[in-house]
Amino acid sequence: MPASQRPKGCDLSEMISPLLEMRGIGKSFAGIQALKGVDLVLQEGEVLALMGENGAGKSTLMKILGGAHLPDEGELKLRGNRILVDSPQKARSLGIAMIYQEFNLIPALSAAENVFLGQEIVQHGLIQHEAQESRTADLLKELGMPFDPSTPCQRLSIAQQQSVEIARALSQEAQILVMDEPSAVLTPPEVKRLFAIIDQCRKRGLGLIYIGHRLDEIFEIADRVMVLRDGQPAGSFPIDQCKRHELIHCMVGRPMDQEYPKRKGHPGPVRLKVSELRRGKAVQGVCFEARGGEILGLAGLVGAGRTELARLIFGADRSEAGTIQLDGRTLSLRSPAEAIAAGIGFLSEDRKLQGLITQHSICSNFGLPNLDQFTRAGLLNLGQEEASFNQYAETMQLKRHGPKQRASHLSGGNQQKLVIAKWLARRCEVLIFDEPTRGIDVGAKYEIYQLMHALADEGKVILMISSELPEMLGMADRILVMHQGRLTGEITHPASSNQQAIMEMAVA
Amino acid sequence: MKETSLARMSNLLHALGDYGMVVMLLLLGLFFSLVTLTEQQPTPEVGARELAQRIKANHNTDSVVWIVIRELATDRAFAESLQQELNESGHEQIVQVTGLPRDARQELEAWQQRGDHIDIIAGNEITSNWLVFSNLEETFPGIGSPQIYRPTSYRWPNFLKQDNLLNITNQIAVIAIIAIGMTVVIISGGIDLSVGSLIAFSAVLTCLLIRDWAGSLQAGVSAMVLCSLIAILVSAAIGGITGGLITFFRLPPFIVTLGMMLMASGGAYLLSGGESVYQIPDGFVWLGRGASLLGIPNAVLMMAILYLFAHLAMKRTRWGRYLYAVGGNHEAARLSGVPIGRVRLSAYILSAALAGLGGIIMASQLKSGAPTYGQMYELYVIAAVVVGGTSLSGGEGKILGTLIGAFIIAVIQNGMNLMNIESYTQKVILGLVILLAVLLDRIKQHGFRAH
Numbered sequence: 001m002p003a004s005q006r007p008k009g010c011d012l013s014e015m016i017s018p019l020l021e022m023r024g025i026g027k028s029f030a031g032i033q034a035l036k037g038v039d040l041v042l043q044e045g046e047v048l049a050l051m052g053e054n055g056a057g058k059s060t061l062m063k064i065l066g067g068a069h070l071p072d073e074g075e076l077k078l079r080g081n082r083i084l085v086d087s088p089q090k091a092r093s094l095g096i097a098m099i100y101q102e103f104n105l106i107p108a109l110s111a112a113e114n115v116f117l118g119q120e121i122v123q124h125g126l127i128q129h130e131a132q133e134s135r136t137a138d139l140l141k142e143l144g145m146p147f148d149p150s151t152p153c154q155r156l157s158i159a160q161q162q163s164v165e166i167a168r169a170l171s172q173e174a175q176i177l178v179m180d181e182p183s184a185v186l187t188p189p190e191v192k193r194l195f196a197i198i199d200q201c202r203k204r205g206l207g208l209i210y211i212g213h214r215l216d217e218i219f220e221i222a223d224r225v226m227v228l229r230d231g232q233p234a235g236s237f238p239i240d241q242c243k244r245h246e247l248i249h250c251m252v253g254r255p256m257d258q259e260y261p262k263r264k265g266h267p268g269p270v271r272l273k274v275s276e277l278r279r280g281k282a283v284q285g286v287c288f289e290a291r292g293g294e295i296l297g298l299a300g301l302v303g304a305g306r307t308e309l310a311r312l313i314f315g316a317d318r319s320e321a322g323t324i325q326l327d328g329r330t331l332s333l334r335s336p337a338e339a340i341a342a343g344i345g346f347l348s349e350d351r352k353l354q355g356l357i358t359q360h361s362i363c364s365n366f367g368l369p370n371l372d373q374f375t376r377a378g379l380l381n382l383g384q385e386e387a388s389f390n391q392y393a394e395t396m397q398l399k400r401h402g403p404k405q406r407a408s409h410l411s412g413g414n415q416q417k418l419v420i421a422k423w424l425a426r427r428c429e430v431l432i433f434d435e436p437t438r439g440i441d442v443g444a445k446y447e448i449y450q451l452m453h454a455l456a457d458e459g460k461v462i463l464m465i466s467s468e469l470p471e472m473l474g475m476a477d478r479i480l481v482m483h484q485g486r487l488t489g490e491i492t493h494p495a496s497s498n499q500q501a502i503m504e505m506a507v508a
Numbered sequence: 001m002k003e004t005s006l007a008r009m010s011n012l013l014h015a016l017g018d019y020g021m022v023v024m025l026l027l028l029g030l031f032f033s034l035v036t037l038t039e040q041q042p043t044p045e046v047g048a049r050e051l052a053q054r055i056k057a058n059h060n061t062d063s064v065v066w067i068v069i070r071e072l073a074t075d076r077a078f079a080e081s082l083q084q085e086l087n088e089s090g091h092e093q094i095v096q097v098t099g100l101p102r103d104a105r106q107e108l109e110a111w112q113q114r115g116d117h118i119d120i121i122a123g124n125e126i127t128s129n130w131l132v133f134s135n136l137e138e139t140f141p142g143i144g145s146p147q148i149y150r151p152t153s154y155r156w157p158n159f160l161k162q163d164n165l166l167n168i169t170n171q172i173a174v175i176a177i178i179a180i181g182m183t184v185v186i187i188s189g190g191i192d193l194s195v196g197s198l199i200a201f202s203a204v205l206t207c208l209l210i211r212d213w214a215g216s217l218q219a220g221v222s223a224m225v226l227c228s229l230i231a232i233l234v235s236a237a238i239g240g241i242t243g244g245l246i247t248f249f250r251l252p253p254f255i256v257t258l259g260m261m262l263m264a265s266g267g268a269y270l271l272s273g274g275e276s277v278y279q280i281p282d283g284f285v286w287l288g289r290g291a292s293l294l295g296i297p298n299a300v301l302m303m304a305i306l307y308l309f310a311h312l313a314m315k316r317t318r319w320g321r322y323l324y325a326v327g328g329n330h331e332a333a334r335l336s337g338v339p340i341g342r343v344r345l346s347a348y349i350l351s352a353a354l355a356g357l358g359g360i361i362m363a364s365q366l367k368s369g370a371p372t373y374g375q376m377y378e379l380y381v382i383a384a385v386v387v388g389g390t391s392l393s394g395g396e397g398k399i400l401g402t403l404i405g406a407f408i409i410a411v412i413q414n415g416m417n418l419m420n421i422e423s424y425t426q427k428v429i430l431g432l433v434i435l436l437a438v439l440l441d442r443i444k445q446h447g448f449r450a451h
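So the protein sequences, as listed, match chains A and B. Residues 1 to 508 in this note's numbering are what the first sequence spells out, letter by letter. Residues 1 to 451 in this note's numbering are what the second sequence spells out, letter by letter.
Hints were generated in silico from the structure; no laboratory data involved. Mixed in with the good hints, there may be bad ones.
Straight-line distance between alpha carbons at most 27 Å, and here's what the computed DSSO-like set of lysine-lysine pairs gives [what the hints assert, rightly or not]:
#, chain 1, residue 1, chain 2, residue 2
1, A, LYS203, A, LYS63
2, A, LYS445, A, LYS36
3, A, LYS262, A, LYS399
4, A, LYS63, A, LYS90
5, A, LYS445, A, LYS262
6, B, LYS398, A, LYS404
7, A, LYS445, A, LYS264
8, B, LYS315, A, LYS404
9, A, LYS399, A, LYS352
10, A, LYS352, B, LYS398
11, A, LYS352, B, LYS315
12, A, LYS77, A, LYS90
Construct the complete structure from the given sequences, taking the supplied hints into account.
See below:
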């Protein structure tokens, strides 16, 4: 910033203080430490890339900056002044703008109306559309994305919508712009244009925080990289002093200190065969085979298509092409009901939204896929259901008050055990675990690992999706790596491999 | 401090839980019983028997008895019973005096002139209180000093009279039956606004079929049953279309059923040409007005049986469980293998079929079918379901709760009628009660905090 623009009477300390300082930020949710002692410094006209594994704490940190969460400890300073960001409105008024992957635009309103939403240009109680539109047109031109600002947002391309978000931030005189994986939804030429826009913002003196996974892009756009690991800062380097493999190492560089149970059994013959499975951009022709008694890991970054692939195998989404064979029988799955009947079970990553009906009792959640077993002459035998529930709950060591307890009142680990219990009772031959240990404490994790081993030892096929690479390496007998809807690699001996190898394939 | 007492109160409400609405119904019953507590006269037969007992106990068989009645069927029944009772116990000098007070006076004068005496004058609560008999010793000294007998009255709430209670259940039958379907739809996470119009549609269709196809006034029983079944099937088919649009095209239930509501109502007017159809045989009223078992109205019996089945189906069948699951979290239900499409479709078909049945019962009660039937019924039905504790967001609720809810609404309406409260005021109070019920439910679920 040129000295002439600075307000007069500033003392020296303010003049040299950075745009944004976050110091010693700590935050925990329900006893789980999400962030601890995180420092973040952002200068004017700087693009800071924030990197880390899924769950490393990046979004929590940004939510604290954006006013969605209050930190348990630590402080925020804007140009050297302590600030309290206790609501998203406060953040906005302080000049902190967030652009999420899911845009916050109202589809039916025009680009200009969205840019000025909540701060309309009003004269005599009437909105001055022309003024808003010409102002928006100026902003868009400045960003190098000229298009008609009276177009409703629902008719804009993704890239155009993104530029509307950025224009809104600029019109609100944002000083700090946070972008959460902005390139994930864009085509390569659009990414180029986005970078030009980011460059424009940098030239205007804004501080930008760029969350991203794609290393190439980081090296292209960022001035500095900060890496979070397990909620703690793992390093911060200027981009020109940083090498690709060092960055990957820094992201995943946690020592393999977690305990995984010893595996006894060995994979048997091939049972599940998936060939040329396709659905849109998420899954683009995936082929693989899985053996009975094998824990097959599916690695990749968020959005790589792992969950989408699992949903196709489970019939939750329809595949556009490709076949699934189980024990030599070709399955045509039009619904999860058919997949379940064929012996496939799916533990979704989001237990609360997809795995359980949280307001219902744990016993009826357990019973839901198994009701046919308890039905005689069209009537349910509730006693039998409860007996079966108690038996499986005992096997799973489910901590519970009684079968009538609401599922929402279980802890995360116990909810996961409940979901596993219901599939155990179903006696599935193929079990897909999507992030089986997310949000689960270490003790419960170990129990779930043991269970997965036990199931594999029975000759079942276990597909495991996990974003925790140590877990992947510790649990899987074989790992398939996905990137942008395709299989990009295979690790046949995880025990002798390392996280770096997976990461290399995942960022392809 | 305030927080904890509020929390304690919401805990209490929660503990009341399933029984809260029953308690509310009982309290309402108690309230209306107290305010409608009035002097009640026994039925003619019962009163006569009790009166005869007293006469026998206090008088010899040779005493002269007058039975004074008006020229009314009930009075005559009273006199017959009394005379029979007295005759059986050996009384022979019994005279029935029938007519107005003037006739009684003439008869008294005649007896005085003849020098005959009277020992007992027995009448019902009206005749025994005629002024003529108030001062006999002075006005007619020649007839002796007769004792006046009247049946003993008792205090009993009008609300709790058997007729009234049967009346409530009979009136609620249509709403309660339709509310079964509505409960099922709401538990599955939807809503059905078309039921009121389907009542009219089905009533008109049934009556038209009987008039134009089954032989009008000469229609036989099996023909009438067949016509009713056709109307129910047509209603179910309409429900199938509604459910199909909602399930397979993912249209919002509110809008689809709103459209169906207008179409069914318009259809009923078109079919009937805007007139009511009444050329149907007397036998048709069997369902709505008849009472074949222990004096219980047939419609009430049918309602009870349907509730029993529905309760069993919701609690003890896979279909019932699936309904709750779909309404609770349809994605989780789908991923647990629930055929969510079929389950939701079935809910709308059931709701429409029961609305069709409700229309037939109403046509039977009123012995005609008119396109004006069932207006606003969808709202009363939804109110019954919600008051009965079913959550409009789906996944929670009980069939028997709905029955209680229907009764709560009926009892309030009936009680207010007994208290002679104006119909406009009744509407306001009913609305308040519905709001209160939902508010209590909300507090029960989520406590007192706004968010």
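Hint check:
1. Annotation: proposed proximity of LYS203(A) to LYS63(A) holds, straight-line Cα distance about 26 Å (limit 27 Å).
2. Between LYS445(A) and LYS36(A) the CA atoms are separated by roughly 22 Å; this keeps the pair inside 27 Å, and the hint holds.
3. Between LYS262(A) and LYS399(A), the direct Cα distance comes to roughly 25 Å. Compliance with the 27 Å bound is thereby established for this hinted pair.
4. Using a Cα cut-off of 27 Å, the hinted pair LYS63(A) and LYS90(A) holds, with the two alpha carbons roughly 13 Å apart.
5. For the hint pairing LYS445(A) with LYS262(A), the CA-to-CA distance comes to about 14 Å; that is within 27 Å, so the pair holds.
6. Simply put, LYS398(B) and LYS404(A) have alpha-carbon atoms about 16 Å apart, close enough for the 27 Å limit, and the pair holds.
7. A threshold of 27 Å between alpha carbons decides the hint, and for LYS445(A) with LYS264(A) the separation of about 19 Å falls inside it, so the pair holds.
8. Pair hint LYS315(B) plus LYS404(A) holds up; C-alpha atoms about 14 Å apart against a cutoff of 27 Å.
9. For the hint pairing LYS399(A) with LYS352(A), the CA-to-CA distance comes to about 18 Å; that is within 27 Å, so the pair holds.
10. Our distance criterion of 27 Å between C-alpha atoms is met by LYS352(A) and LYS398(B), whose separation comes to about 24 Å.
11. Note on LYS352(A) and LYS315(B): the hinted pairing holds, with a Cα-Cα distance of about 24 Å set against a maximum of 27 Å.
12. Distance restraint check for LYS77(A) and LYS90(A): the Cα-Cα separation of roughly 14 Å lies within the 27 Å cut-off, and the hinted pair is therefore satisfied.
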